[in-house]
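Student: I would like the entire structure built from these sequences, with the hints used as guidance.
2 protein chains.
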Amino acid sequence: MSEKWCRFRLGSTTAYGLVEDDEVAEVSGSPFDSYTLTGPRHPLDSIKLLPPVVPSNFWAAGPNHRGHIEAMAARRGQPPTYPTAPSPNQRAVNALIGQGDDIVIPKDCSGAVQPEGQLAVVIGKQAKKVSKEEALDYVFGYTIGNDISQRVWQQTDRTLWRCKNADTFKPLGPWIATGLDPTDLRIIVRHNGEVTQDFSTSEQIWDVATWIQELTKYMTLSPGDVIWMGTQGADGDMVAGDVIEVEISGIGVLRNQVVGEG
Amino acid sequence: MSEKWCRFRLGSTTAYGLVEDDEVAEVSGSPFDSYTLTGPRHPLDSIKLLPPVVPSNFWAAGPNHRGHIEAMAARRGQPPTYPTAPSPNQRAVNALIGQGDDIVIPKDCSGAVQPEGQLAVVIGKQAKKVSKEEALDYVFGYTIGNDISQRVWQQTDRTLWRCKNADTFKPLGPWIATGLDPTDLRIIVRHNGEVTQDFSTSEQIWDVATWIQELTKYMTLSPGDVIWMGTQGADGDMVAGDVIEVEISGIGVLRNQVVGEG
Numbered sequence: 000m001s002e003k004w005c006r007f008r009l010g011s012t013t014a015y016g017l018v019e020d021d022e023v024a025e026v027s028g029s030p031f032d033s034y035t036l037t038g039p040r041h042p043l044d045s046i047k048l049l050p051p052v053v054p055s056n057f058w059a060a061g062p063n064h065r066g067h068i069e070a071m072a073a074r075r076g077q078p079p080t081y082p083t084a085p086s087p088n089q090r091a092v093n094a095l096i097g098q099g100d101d102i103v104i105p106k107d108c109s110g111a112v113q114p115e116g117q118l119a120v121v122i123g124k125q126a127k128k129v130s131k132e133e134a135l136d137y138v139f140g141y142t143i144g145n146d147i148s149q150r151v152w153q154q155t156d157r158t159l160w161r162c163k164n165a166d167t168f169k170p171l172g173p174w175i176a177t178g179l180d181p182t183d184l185r186i187i188v189r190h191n192g193e194v195t196q197d198f199s200t201s202e203q204i205w206d207v208a209t210w211i212q213e214l215t216k217y218m219t220l221s222p223g224d225v226i227w228m229g230t231q232g233a234d235g236d237m238v239a240g241d242v243i244e245v246e247i248s249g250i251g252v253l254r255n256q257v258v259g260e261g
Numbered sequence: 000m001s002e003k004w005c006r007f008r009l010g011s012t013t014a015y016g017l018v019e020d021d022e023v024a025e026v027s028g029s030p031f032d033s034y035t036l037t038g039p040r041h042p043l044d045s046i047k048l049l050p051p052v053v054p055s056n057f058w059a060a061g062p063n064h065r066g067h068i069e070a071m072a073a074r075r076g077q078p079p080t081y082p083t084a085p086s087p088n089q090r091a092v093n094a095l096i097g098q099g100d101d102i103v104i105p106k107d108c109s110g111a112v113q114p115e116g117q118l119a120v121v122i123g124k125q126a127k128k129v130s131k132e133e134a135l136d137y138v139f140g141y142t143i144g145n146d147i148s149q150r151v152w153q154q155t156d157r158t159l160w161r162c163k164n165a166d167t168f169k170p171l172g173p174w175i176a177t178g179l180d181p182t183d184l185r186i187i188v189r190h191n192g193e194v195t196q197d198f199s200t201s202e203q204i205w206d207v208a209t210w211i212q213e214l215t216k217y218m219t220l221s222p223g224d225v226i227w228m229g230t231q232g233a234d235g236d237m238v239a240g241d242v243i244e245v246e247i248s249g250i251g252v253l254r255n256q257v258v259g260e261g
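Residue numbers (numbering that gives the first Met the number 0), protein chains in the order written: chain D, 0 to 261; chain P, 0 to 261.
For the record, the hints were derived by calculation from the structure and aren't laboratory data.
Quick look at which bits of chain P chain D covers, simulated, 3 or more residues with Cβ under 8 Å:
(1) 92 to 104
(2) 146 to 158
(3) 212 to 219
Using N, Cα and C, we set each Cβ at its ideal position, and we do this for glycine too.
Tutor: Now the structure itself:
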């Protein structure tokens, strides 16, 4: 059975909830420890969806699709270099925004801010030295990430700190779907309605189970931790007024609009 | 006035407390929002000190002392390359340990695990686009970090994910001292009692205020966020049984022992 878990704000309340058709059933507590259904049900369009989780450890697969590596290398006029082992990056939670929030293009950047549709894995149980075979037992569910990237800074930011983690550069949501098989999910990015990325998680260089195995060789993953799984291909620049949608089969559509910094 | 804030565990209680001589005055709440003194006072040697904060965003200055850059380059037989602009790294909270906890050398690494004494800045107020002149107003206090690094992995880990963030590689503590001037603090590392690093924060390439200014140009810092300020020089390998102490004037001594992975 697939459940859809959201986190939302309504008035002064911030809570987790179960999305059921056009309503959200509010809970107290969180799906990562314990929770109880509290009774209130809210129309989905009456609440503000928040990033469904704020991870303690926020990992990203980095280059994990050959087509993305090739597209980025071609732009630089260089031959592609494929990774020989999983090489995780980190992302920073200051950059998280939720469904419908503005993606803000910083005033002092040159433009060249681009979307990347990604599957986001949400961990459900503490995990250390987990085998590939057991790895998916430690997953709570899956949500959608848009790994916004400033491509000029990306050439000079030694650690990708700014090009990937400027405020609002990490849209996440709209909710976490449980019970999915992550090995063949379809990911579609629409830029003002036009399809700019359309790929499958089956094309990943290393799959979800492998990334969990590799990370947990050295590092403990905790409930609510998140791993972004990389993107395929490459989209063009976003400008103020654009709308970016990332759709993943079985989860939904993450939609955000672009504004310039005020 | 300088206060010393710790976080501790005693029985089933985890709480913040004020260190006063050999006692800790327990509080409810946290110094990062609001708190009240709850009455109980505990002998300092009766409590387990925890990392004094678990940051939402965990930044590190990376190379920020010329002597460290030169020492590391000399080991590689290369000329030193100095950074031309602040280039922050991230660290991961899975790696945090507190005063007296074991530093565990992973079984499948080649050794070459080394300490780095560092000043750790703890943010007290939400900060975005903060000027250098105002930057220190956003600091809650300072604590001590030991930026444990596996030097062989450091040559191949593109993003330093594993060489810096393996579990137990980020000792932090023993507590946060408020009211300090960060511009000339003395940092001493003792490896089994022998001084292996002895330097001043006055030797930083970019000071605390500059790092806060640079980070907050693009990224919001929140209460409890942490910035590690880099190290000077370079120490040798640690082996099981070693004791590493990092002392910073006005804060105290962070002490951890080394064990091999069981």
